[in-house]
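Student: The end of the sequence shown is residue 294 by this note's numbering, with every number in the run present.
None of these hints come from the bench; they were simulated from the model. There is no bait here: all hints are sound.
DEER-style ranges, computed between Cβ atoms:
1. 97 with 124: 19 to 25 Å
2. 252 with 290: 26 to 32 Å
3. 125 with 105: 16 to 22 Å
4. 76 with 171: 39 to 45 Å
5. 290 with 179: 32 to 38 Å
6. 16 with 242: 26 to 32 Å
7. 88 with 285: 30 to 36 Å
8. 12 with 255: 46 to 52 Å
9. 22 with 116: 38 to 44 Å
Calculated lysine to aspartate or glutamate pairs in the EDC-like style (CA-CA distance at most 20 Å, straight line):
10. 75 with 54
11. 75 with 8
12. 108 with 132
13. 75 with 4
14. 75 with 10
Cβ atoms here follow ideal geometry from the backbone N, Cα and C, with glycine treated the same way.
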Amino acid sequence: MADEITADFEKAYPAGPTIHGVLRVPLGRPHVTVLFGPSGSGKTTVLRCLAGLERPTRGRIMFGTDPWFDANTGKTASPQSRSIGYLFQDYALFPHLTVADNIAYALKGMSHAERVAQMHPLIRLLQLEGLEARRPGQLSGGQQQRVALARVLARRPRLLLLDEPLSALDAPTREQVRGELRGLLRNQGAPAICVTHDWVEALTLADEVAVIAVGRVLQVGSPDEVFSRPANAEVAAIVGVETVVTGHIAQRTQGLAALDVGSARLWAIEETGRGEEFYLCIRAEDVTIEMGAP
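When you get a sec, could you build the whole thing from the sequences and use the hints?
Tutor: Now the structure itself:
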């Protein structure tokens, strides 16, 4: 479709699993897709292929009707022509430049007046007023993150790519900045794709979550769907379900299903899915213990 990013590609490595990136991201409105999974699962590789920093082995990447990569035709759009903003995990700020100069670096080719006009709204938005003359070493972790994000947003990218944007922050700062980042991504107008292995971060930021493991996309859905209704036991383990047990559907009656789990029988609202075997996922926070007779 012309109004979405469609990606279906593979990146093969001589030693290691082949990364298979399959994504559909809507365009024309704020939308945050989170690539969620354990370290080494291929999340950053997918992000780098979308950015043009790595070339897939086969497949296709389309930004609307604009081909970014097509293995059949040999077409590969340069990173510069894709008009993306890429926030690196370590922020990649220039230590010898001031806050203002770090942001202005993204605006090369503009006149001084144009740079100032584009920078000042971002400095206000990201609460960097009064810090313009400081260097990165004089800033807190949260302030450095805001400077890096301001530089990414300065060129008004068509797509934002964020690689573990909060991983360099300590826990208290990460909690504070997490909510701020969600608001900024909502307000900046372009879609964003964010890599993380932190499930709280995924729940906070995402409109849609793609669970990735060993180079494969296992499930795509809303945060509630993915974390509350994992597609299989592998996804359940990745999203932090502590207890996964198998069971058997003993009978169905009047819209209810009798579930045999070990020696216990449970009743649940009958689903439309087929099959007599099932996985039962139990989160510790959903269990309430009460005193009473059996």
